[in-house]
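Participant: Keeping their order, the protein sequence lines are chains A and B.
For the record, in the first sequence the residue sitting at position 20 is 19 according to numbering that gives the first Met the number 0, with numbers rising by one throughout.
For the record, in the second sequence the residue sitting at position 14 is 13 according to numbering that gives the first Met the number 0, with numbers rising by one throughout.
Label pairs and their calculated CB-CB ranges:
| no. | chain 1 | residue 1 | chain 2 | residue 2 | range |
| --- | --- | --- | --- | --- | --- |
| 1 | B | GLN59 | A | GLY31 | 15 to 25 Å |
| 2 | A | ASP24 | B | ALA165 | 48 to 58 Å |
| 3 | B | GLU200 | A | GLY31 | 22 to 32 Å |
| 4 | B | ASP38 | A | GLY31 | 27 to 37 Å |
Taking lysine to any residue and the SDA-like style, the derived pairs with C-alpha atoms no more than 25 Å apart in a straight line are:
| no. | chain 1 | residue 1 | chain 2 | residue 2 |
| --- | --- | --- | --- | --- |
| 5 | B | LYS55 | B | LEU72 |
| 6 | B | LYS55 | A | ASP32 |
| 7 | B | LYS55 | B | ASP89 |
| 8 | B | LYS55 | B | GLY75 |
| 9 | B | LYS55 | B | ARG110 |
| 10 | B | LYS55 | B | ASP38 |
| 11 | B | LYS55 | A | ASP24 |
| 12 | B | LYS55 | B | THR104 |
| 13 | B | LYS55 | B | PRO40 |
| 14 | B | LYS55 | B | ASP32 |
| 15 | B | LYS55 | B | GLY105 |
| 16 | B | LYS55 | B | ARG263 |
| 17 | B | LYS55 | A | ILE29 |
| 18 | B | LYS55 | A | GLY31 |
| 19 | B | LYS55 | A | SER30 |
| 20 | B | LYS55 | B | ILE44 |
| 21 | B | LYS55 | A | VAL28 |
| 22 | B | LYS55 | B | VAL265 |
| 23 | B | LYS55 | B | ARG2 |
| 24 | B | LYS55 | A | ALA36 |
| 25 | B | LYS55 | B | GLU45 |
Treat the hints as calculated values from the structure; they're not laboratory data.
Here the structure is a predicted model, which is why all the values come from computation and not from measurement.
Note that beta-carbon positions come from the ideal geometry of N, C-alpha and C, so glycine has one too.
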Amino acid sequence: MNDHGTPVRHAGTTSLVDLLDRVIDRGAVISGDVVIALAGVDLVRLDLRLLLTAVDTGVGGHQRDGEAGRTAGADSHRHGDTDRRW
Amino acid sequence: MTRRRGLYLYAVVGTNPAASSAGAGVRHALAGDVLGVDDAPVHTIECDGLGAVVSKVDLQRLAAVVEGSAPDLLAGLAQRHHAVVLASMDAVDRVLPLRLGTVLTGQDAARQFLHQRVGELSAGLREVDGCHEWEIAIGHEDTVSDKGVPVPTAPGTESDVNVGTAYLLRRRDQLVASQRRREAQAETVAAVADAVRALAERVAAGRRSGGGVLFDESYLVRRETEDRFLATVDGYGDRLQERGLRLRLTGPWPPYSFVPATLRVVT
Chain A
0 MNDHGTPVRH
10 AGTTSLVDLL
20 DRVIDRGAVI
30 SGDVVIALAG
40 VDLVRLDLRL
50 LLTAVDTGVG
60 GHQRDGEAGR
70 TAGADSHRHG
80 DTDRRW
Chain B
0 MTRRRGLYLY
10 AVVGTNPAAS
20 SAGAGVRHAL
30 AGDVLGVDDA
40 PVHTIECDGL
50 GAVVSKVDLQ
60 RLAAVVEGSA
70 PDLLAGLAQR
80 HHAVVLASMD
90 AVDRVLPLRL
100 GTVLTGQDAA
110 RQFLHQRVGE
120 LSAGLREVDG
130 CHEWEIAIGH
140 EDTVSDKGVP
150 VPTAPGTESD
160 VNVGTAYLLR
170 RRDQLVASQR
180 RREAQAETVA
190 AVADAVRALA
200 ERVAAGRRSG
210 GGVLFDESYL
220 VRRETEDRFL
230 ATVDGYGDRL
240 QERGLRLRLT
250 GPWPPYSFVP
260 ATLRVVT
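The following block holds chain B by itself, in its conformation from the complex (with noise of 0.2 Å):
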């Protein structure tokens, strides 16, 4: 028979830190006024300590999103996935993110899950604690790029040596220019790496490459050293300018790049 319905996991969260009582903190925040995947209620299930956020999800609609490639549903699920993530950073201060279309086959496979895997969960969690993660991506100007270097014209019919040699001197000169910028702008780069390394927990290389994209790093700040962190970017803007680059901030994103890896459950 095939299974009808499931329980659509989007975060684990720490329910027992010794402070205060975030599990019932994240029950608060996420009752009722949170609707997860095909607006069902979001709930917590708790074990060991940990709290995994889920909602009911029927298995079949859930299908016809992810297979569908609609891009519009696809859409609207991720930002319900997101959406949650972010309530339940509202609620407590370690969350841990699922990847988009995890969905258990129950309450009990939830609570196993926490159950086996607890370790690493909440070393996981520990590591998150107050954290936001951002990324940073550097490229070209649309303006500067080596394919807008114009190529000197080339002499001309004229047998004197000295405009030929004119023209190769020029020549020269602009790639040693153009050389120039590149190892200016590398160096701008590693200097904003640097100093935006210095301030992070941890820090995680990005997929941008390509297509003017120089750099690309997503970092895990804590949120008392997030000010400094964005006044630091800042700090580069005229340098990133003068050296024809384009900075691209994004953030404060729930920590998605900074989860444990794939987590295995035994039956």
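So that you can see chain A by itself, here it is in the shape it has in the complex (with noise of 0.2 Å):
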């Protein structure tokens, strides 16, 4: 699919940024007494910023393990850039 028209965009595999950026602050939230709070987690929120540049000078270099545990699909789940200026 990055045959036509100009590289506008990248295509490469998860980056670390951008996934955290999605589990950490996006996805279902559940409230109620069925819900373990974890006492960290909303300080994990907070400090998301914080960690996001953490991780990236840490650990940025394992790109490809967002792609861990998929059994199928591969080719139709390509996962954006690594750029990390934004």
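Assembly of the complex is requested from the two constituent chains, each provided in isolation within its own frame, with the hints serving as guidance.
Facilitator: Right, here's the structure in full:
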């Protein structure tokens, strides 16, 4: 799918920063007694930017880990580039 | 007594679409070969045509990860969470991803959650059925920014009024050019936005801003529309480049940005 047009985007693997941005800050939230409150989770959310910076510099090299556990369709699950400027 | 174990919840899936036994499908796909947090086997708990994709988790260990703010542990948790969501998407079309760190008290809690919120969850699953999420951010190229516009050198000590006038004219021209460039950039961004929004089922505002980011949105795109969506984005390549803009696309993602708001469970 990269054969047409000027390459304005970069097919690549999951950026850890993009991944954390999604799983920490998005996704459905449940509230109520059925949920066990982990004291640290809210802190994690508050400190997201700080953590992203730490993760980015600390373990940013393991780009392919986001694909771990895939069983099929790897080709149709491309992820964005690894540019960290934003 | 402090609770020691819980059920880590990755996603809610639809298990009873009319045409197939997706419940069996997700059970099969997740059986054995997908490991969750702490390498615990992932399984589904089903109720009212919905499935909760879960694995048992040791609360002390999990708390240590999230409270310790150890970046590599958190990254590992996030990757495992995401991997299970992806595996769920391989098994069924309809998956609602949960936020990182969602832990239920046990199987009864999972069933209670599914049962109480069956309406919103079913509607949410229908909305994301057969869709992926993509994100587009557009920003300035490093080489093109207002900071890069050279300010003309000030007139020297010459008293000739023409020198000063020439300086002011040059300066004005530069400001006008700068203004035109910004307008052209805004037009291009708006054109890209209109084109991609037209191909999306839903749009969610992104949170990136500042640092040269002009635009950030996420899109829920049907799989059969993905090729057109990507071709449309690529079609703007030259224009973006001419305008000194850079587009960044990530995806396909599970629909993390297109899930129901907070779901309250009353016990």
